[in-house]
Amino acid sequence: MSQASDADQDFIAAAMPAFISEAGEQTEAIESLLLELEEQPDNRELLDSLFRCAHTVKGSAGIFGLNKVVEFTHHVETLLDKCRDGVLALTPQLSTLLLRCNDQIKFLVQIANDEGADGTSQKSERAELVAQLRLYTEGSKAEVSGTTVAAPATEQAQDKGPTLWRIKAQFGAETFRNGMDPLSIAKYLQGMGKVESMVCGFDQVPALIDLDPETCYLGFEMALESDASRDDVQGAFSFVEDDCALEITAQESTQQRLVRQIDEMPATPRLGDMLVSVGAVSHDKLDELLSEQAQAAPDAAQAKPRIGDLLETKAGVPPKVVEAALNKQQKTREASGEENRYIRVQADRLDAVINLLGELVIAGAGANLLAREARNVALVEANLHINALIEEIRNGTLALRMVPVGETFSRFRRVVRDTAAQLGKEVNFEIVGGEAELDKSMVEKIADPLMHLVRNSLDHGLEPPQERLAAGKPAAGKLVLSARHETGAILIRIEDDGRGINRDRVLQRAWDKGLIEQGVVPSDDVIHMMIFEPGFSTAEQVTNLSGRGVGMDVVKRNIEALRGNLKLDSRPGQGLRVDIRLPLTLAIIDGFMVGVGKSKFVLPLGAVVEVIEAGGQHVRVDAQGRHVVELRGTVLPVVRLRSLYDVESALPDRTSVVVVQAPKGKYGIEVEVLHGQQQTVIKPLGRLFKNVRGISGSSILGSGEVALILDVGSLCDLATVSPQGQASPSDAG
Amino acid sequence: MSAAFDLPAELNIYGALETRDALLAWLAANAGADDQPLAVNAAAVAEVDGAGLQLLTALTRLDRPWHLVDPSAALTQACATLGLSQWLAQHVVTD
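From first to last, the protein sequence lines are chains A and B.
First residue of the first sequence: 78, per the working numbering; consecutive thereafter.
First residue of the second sequence: 1354, per the working numbering; consecutive thereafter.
Worth flagging that the hints you see were computed from the coordinates, not collected in a lab.
Warning: the hint list may mix true and false statements.
Which chain B residues face chain A? A few, computed with CB under 8 angstroms, are given here [said to hold, decoys possible]:
| no. | residue |
| --- | --- |
| 1 | Ile-1366 |
| 2 | Tyr-1367 |
| 3 | Arg-1373 |
| 4 | Leu-1376 |
| 5 | Leu-1377 |
| 6 | Ala-1378 |
| 7 | Ala-1399 |
| 8 | Asp-1402 |
| 9 | Leu-1406 |
| 10 | Arg-1414 |
| 11 | Ala-1431 |
| 12 | Gly-1436 |
In silico negatives: residues of chain A with every beta carbon more than 12 angstroms from chain B [said to hold, decoys possible]:
| no. | residue |
| --- | --- |
| 13 | Glu-122 |
| 14 | Ser-274 |
| 15 | Asp-364 |
| 16 | Ala-476 |
| 17 | Lys-522 |
| 18 | Ile-689 |
| 19 | Gly-790 |
A virtual CB, placed ideally from N, CA and C, is assigned to each residue, including glycine.
Kindly produce the complete structure, drawing on both the sequences and the hints.
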C-alpha cells in the first residue's frame, strides 16, 4: 500500500483508539438496527441507516489501512446494497447471517492493533460467512439485471415533486485507497430516484502501462430525478467530499425553489418570516395579515385564525409552500429538542472531577464548621451560599455520569433472540423505561448479572411452545425488562410469564444440600431466595446457556456489591418477577450519622426505619446469647457496635437503637449518639480493610474525622447469628 | 484463440494490481501477433467495482484492436450503473 511517512504513522496510532471506539459504536448500531428490522422489515429508513453504518466502518477502516476489515465489510455492504435495491428480502436467516458477520467485524476492529490475535478458527468462520454472503449476492444477480433501476422513491417530501439533479463528480486519486468506490456511490444515487442519464468520465484514465490500478481517475456526470434534497444527494459523497470535485445543480420550478429554500433555511421558527425571506409574500402583506389575525381574536381564549390559513386565503401563497414552511417549523421545534450534541470525555477525567468535588464538599463543610465556631454571621451566610452552590455543582457533575439504561437493555435483544432460537422457544421481548438513567459505572456492572437473570428466565422460566399451549398460554412467551426510578433508587425488573419457581423442588434441594435443616419449612420468600445460594446451581440445573461462568449466587453478590437488593416474586405456573433495586450512584449516599464513643458511623438513610430510645435495660440477651430488643411486641435482634468494634470509652447513660431494614428483615443497631442526616461522599476502604465485616466504605467529615459507613446487609448477618466476637455483657447500661 | 485473456471472477480493487500485471504480461506475449484482434473474456466476472471498471477502461488507450467477449451479467450491470453501457457496447463483440 502507500508508503506512509512517520508523521502519518504517528497520526494513525494516535487516532486509532478513537476509530476503535467509533467503529464499536457503529457495530452496536448495526446490531440493534438488524434486530429492529426483524420487527419491521419494510422500514426503509432502518435499512438505509444499516447500510450507512456498514459503509462508515468500511470507510474509516480503509483510512487506517485495516484491509481485513475493509475486505470483509465490503461483502456485507454488497449484500446490504442488494437488500436496499429490493432484490433481496431481509429474512430472519439473512439477518442471523448478518449478525454473525457483525460479530466478526467487531472482532476485527478489536484486534485492529494486533494482527496476530486473529486465530485460525476466526479466519475459517469468516471464510464461511463470506461464502454464505456470496451465495445470497450472486444468487440474486440474474434478477438484478432483469429489474435494472427500480427507483424506490424516498417517501420524504414527495409533495414537492421530484427535482432533476445534475451531478458532476471527478473523484480524487486516493478514493480507492480510502476504501471508497465511485460505483457504490453511483449505485447509492441510483437508489434515490430515477437516473435520466449517466456518463462515466474515464478520459483521465491512462494507458494500462502507466496505470496505477489503486489510484482513481474516474468521474461521472449523472442526471437524477429524485425527491431527495440537495443534502441527501450530497450525502452520497460524504466520504469522498474532501478530494472530490463535485458540482450539484438542480433544475426546478419556482414552487420547488421556494420549498427548497425554506427547507435549507437555518432555524427561523416564525412562519411569516420564512415566507417573506424567500419572497413568497411581501413584508407589508404579512404585517397586514398579522394585525388582522390579532384583531380577529382580541380574547385570548377564543381560537385565532391561523396565520398559515390567512396566508393561503388572503395572500395567495400556494398551499404547498405554506405546508413546507409549517413542516420546517415543526422540524425545527423537534430538532432543537433532540439534537444530539455530544462531547466525548474520557471517563477518568470525569472521575477526577467528581473526586475533587468530593474533596470540595469536605472542605466546604470544614469551612462551614469554622465559620460557626467563629460566630461570624456574615461568614456563616457566605459559607451557606457556597455550600449550596457546591451541592448543585456536585449534583450536576454526577448527572454527567448518568446514562440511560436502555443502551444496555437493547444489547439483550440479541441474547434473547439467539437464546430463544437455541432453546426452540418463542419469546416476545419487551423493553420498558429504557430512558431511566443510572450511573455509568453501575450500568456496566449491572449488565452481567442482568444478562444472567434474563438467560435464566429464558432457560428455566419460559416453557417450550407446546407446553405453554397445553397450559392455556399463548405459544410465545413474554419477557419484559423494565426500569424506573423510585426515590433515590432505580428499580430494574425482569418479568416473565413462564412456570415460575418450583417451590417444592427448591425446598427439596435445599434440604438435600443442607442449606436448610431437613424438615424445616421456611417462608416461601426464603425458599425462593435459595436459588441464589452458592452451590445451589447444580449440574442438573445449569445448562450450557445459564451456566456461563457465573452462578446465581454471583448474581446476587454482584448486585449486593452495588448496594442493591434482589426480590423474587414467583407465581407458580404464571411467571416470575425479579426486582432489582439499585442506588443511582455509587459516589454519594444520604446518610444517617450515629456515634459510639468517639467513633462515628454512617448508615444509609434509606435503610433506617425508626429510632427507639433504649435506656440500656431494654436490650436483653436471649437464650442463644443474642442481643434483642422488643419493639411493639416483636423481638428484633440487635447489633451492639460498641462491642462489635471494640470501641473504648466511658459507658453512656443511655443508648438508642436504630431500627434498620435489611433485605433479610428488620434488626436494630445499638448506638450512643445520634448525629442526624448528612449527605456522605463515599470513599472506598483500603485493601487492608476488605475483610472487616459490616463496613462498606468510609467518609471524611467536614471536621477531618473519618466516619465508617455501615453495610446494613452484612451487618444483619452479624445480628442474627449468636455473637462470638461480641462479648455479651448483659449488664450493659 | 491464443489471444484471449480471461478476466478473473473478482475484478476489483483487491486484485487490480495483479490483474493489470497479468494483462500487461499477456499483451507483451501477444505483441507479435498484431493482425489478430485481442480478446478479453469477461464471462467469469462476478464481482466488480470501480477500480475493476477503471482497469478495463484503460484498455481503451491500447493502440491495437481489442474487444470484450461474453460480458457477465455482473459486469453489464456495473457498467450500466457507472454510465459505461455505451462504452461496453462499442467494445463487445458477440460471436
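Results of checking the hints against the structure:
no., hint, result
1, Ile-1366, "holds (5 angstroms)"
2, Tyr-1367, "holds (6 angstroms)"
3, Arg-1373, "holds (5 angstroms)"
4, Leu-1376, "holds (6 angstroms)"
5, Leu-1377, "holds (6 angstroms)"
6, Ala-1378, "violated (11 angstroms)"
7, Ala-1399, "holds (6 angstroms)"
8, Asp-1402, "holds (5 angstroms)"
9, Leu-1406, "holds (7 angstroms)"
10, Arg-1414, "holds (4 angstroms)"
11, Ala-1431, "holds (6 angstroms)"
12, Gly-1436, "holds (4 angstroms)"
13, Glu-122, "holds (23 angstroms)"
14, Ser-274, "violated (8 angstroms)"
15, Asp-364, "holds (52 angstroms)"
16, Ala-476, "holds (48 angstroms)"
17, Lys-522, "holds (43 angstroms)"
18, Ile-689, "holds (79 angstroms)"
19, Gly-790, "holds (59 angstroms)"
The structure fails hints 6 and 14 (numbered hints given earlier, in ascending order).
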